[in-house]
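Colleague: Based on these hints, arrange chain E on the given structure of chain R.
Okay, here's what each chain looks like letter by letter:
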Amino acid sequence: MENFVNALVSGLISGSLYAAMALGLTIIYGVSRVFNFGHGVIAVIGAYFTWYLLSNFGVPFLLATLLSMAFMALFGWLLYRFTINPLLKKPNWEFSTVLFMLGAGILLENVVLQIFGPRVKSIPLLAEGALKVAFIQINWHEILLIVIVLVAILALSLFFKYTRTGQAMRAVAQSVPGAQVVGINIEQIFGMTFALAFVVTGFSGILLGTKYYLNPHIGWEWMVKGFVIVTFGGLGSTSGAVVAALILGLVEAVATLYLGAIWVWPIWFVLFLIVLLLRPQGILGGRA
Amino acid sequence: MLAIKDLDSYYADLQVLRGVSLHVEEGEVIALFGPNGHGKSTLLKAICGLQPPKRGSIQFKGEEIAGLPAHQIVERGLAYIPEERHLFTDMTVLENLYLGAYPRHARSAVKRNLEYVFHIFPRLAERRNQLCSTLSGGEARMVAIGRGLMSETSLLMVDEPSIGLSPGMKLAVFDAIRQIHQERNMTILIVEQEIQHALEMSNRIYLMKKGQIAFERKGEEIQVEEIEKAYF
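If you read the protein sequences in the order shown, they are chains R and E.
Heads up: the first sequence begins at 1 in our numbering, then just goes up one per residue.
Heads up: the second sequence begins at 1 in our numbering, then just goes up one per residue.
Chain R with its partners taken away, still in its complex shape (with noise of 0.2 Å):
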């Protein structure tokens, strides 16, 4: 009994680690149809950036991750700008696109291993100490990681339903045509959608460098568990992403107290062959 409900809380913070990992690539595909298969590296480096101005510089952290911010939202505006949006012009963008965001990440995978080394990193951890409930033990830490990870959908969700540019980014994603005839900038829409998904992206990946640790290859698994999770829930759908990482977490969690960590992967993808095979479009998506 004890182990079981530490484990559900253990699933539960890694579940809500994976879903704000998750999220930076439903939006992206949500609104531009693009698979962004570059997404862990991109993750990686919003970690690496933090973790570049708190070591060396003694940035404090609150500023280091506003920086980080700032600093991915310019990358993903630039990168949609002088890339993507040239490839979406021509007829066979699906696939082009894939290709390039893979090449990409390599690419940077490497520029990352190049300028850093392949030393494992971390960033500190946000809280010291732990609360006790019972029998119950969860790291302050922890805790905030998962306060942190719901504040953040909840401003997401408050921006796509209440801002004018969440609205049209939500236009966008239902219809491109019917966006248009509202006059709203596609490709402004785009460009925005880019920056702050690469936002969201790179802030996950600094949470995940304060429970995990760093490399330049970590990127390639985070992305494989994010691929699980937003087609497990549905793609493009946000809400879809969360239940489905949260879900994954627990069962995560669950399967390594019973069977051990050699399991996990085989009984999420036992579980995504399942959904995949009854719901094609995802628990929480809309169209197949």
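What the hints contain is simulated information worked out from the structure, not anything from laboratory work.
As the structure is a computational prediction, the values presented were derived from the model and not from experiment.
There's no promise every hint is true.
[Claimed, not checked] Here are the simulated PhoX-like pairs of lysine-lysine, each with C-alpha atoms no more than 25 Å apart in a straight line:
{"id": "1", "chain 1": "R", "residue 1": "K89", "chain 2": "E", "residue 2": "K54"}
{"id": "2", "chain 1": "E", "residue 1": "K54", "chain 2": "E", "residue 2": "K210"}
{"id": "3", "chain 1": "R", "residue 1": "K90", "chain 2": "E", "residue 2": "K54"}
{"id": "4", "chain 1": "E", "residue 1": "K229", "chain 2": "E", "residue 2": "K218"}
{"id": "5", "chain 1": "E", "residue 1": "K229", "chain 2": "E", "residue 2": "K170"}
{"id": "6", "chain 1": "E", "residue 1": "K54", "chain 2": "E", "residue 2": "K111"}
{"id": "7", "chain 1": "R", "residue 1": "K211", "chain 2": "R", "residue 2": "K132"}
{"id": "8", "chain 1": "E", "residue 1": "K209", "chain 2": "E", "residue 2": "K5"}
{"id": "9", "chain 1": "R", "residue 1": "K161", "chain 2": "E", "residue 2": "K5"}
Modeller: Chain E only, in chain R's frame:
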């Protein structure tokens, strides 16, 4: 208000519009007839920027707009109501209408235009919080037209508004368009297969065949037989 000259347009290598010229004056209702697949929708899409033409000139309020991106054309006060509607189906009626007021110049008039849309289509006021995916075909058509009105437009281009609707709903849609013309002195360019209904409200008509304007008629010169004959 709108003057089109020698417009050529292509789908890949296939030429769809061949030197189309027409004009629409302020306050007019112009009907554009012609068999399916002869370029009527392509012409509207060329005007509104969804599918830019290859050659030729489109002047709107004296400014050249051919080849501009769609959002810049909407901002100049030209609204296009697509035949396919292209609603935001996972949003409510109200959210769709508000997005219709996305252009900068439309934002200050949101309240007035929303009241007007609800005045023309009281049914939309009842369904304002309903998701568009749950609307009937007629109601969805009303949202599409309402969304166009929200953009504070001076020219409304409507592509086959009655297609796929029940006879009663067709009448309601035509009545609404006529009402918009009368109450707001709206300039309207309408593509329609229901010749009789469209004739009742139009000042002038063009007939399009094989990507060209076959003839233009106005007032008493208009003969239903001549139009119908052109379809065969």
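Colleague: Which hints, by number, does the structure contradict?
Modeller: When the structure is compared with the hints, numbers 6, 9 turn out to be violated.
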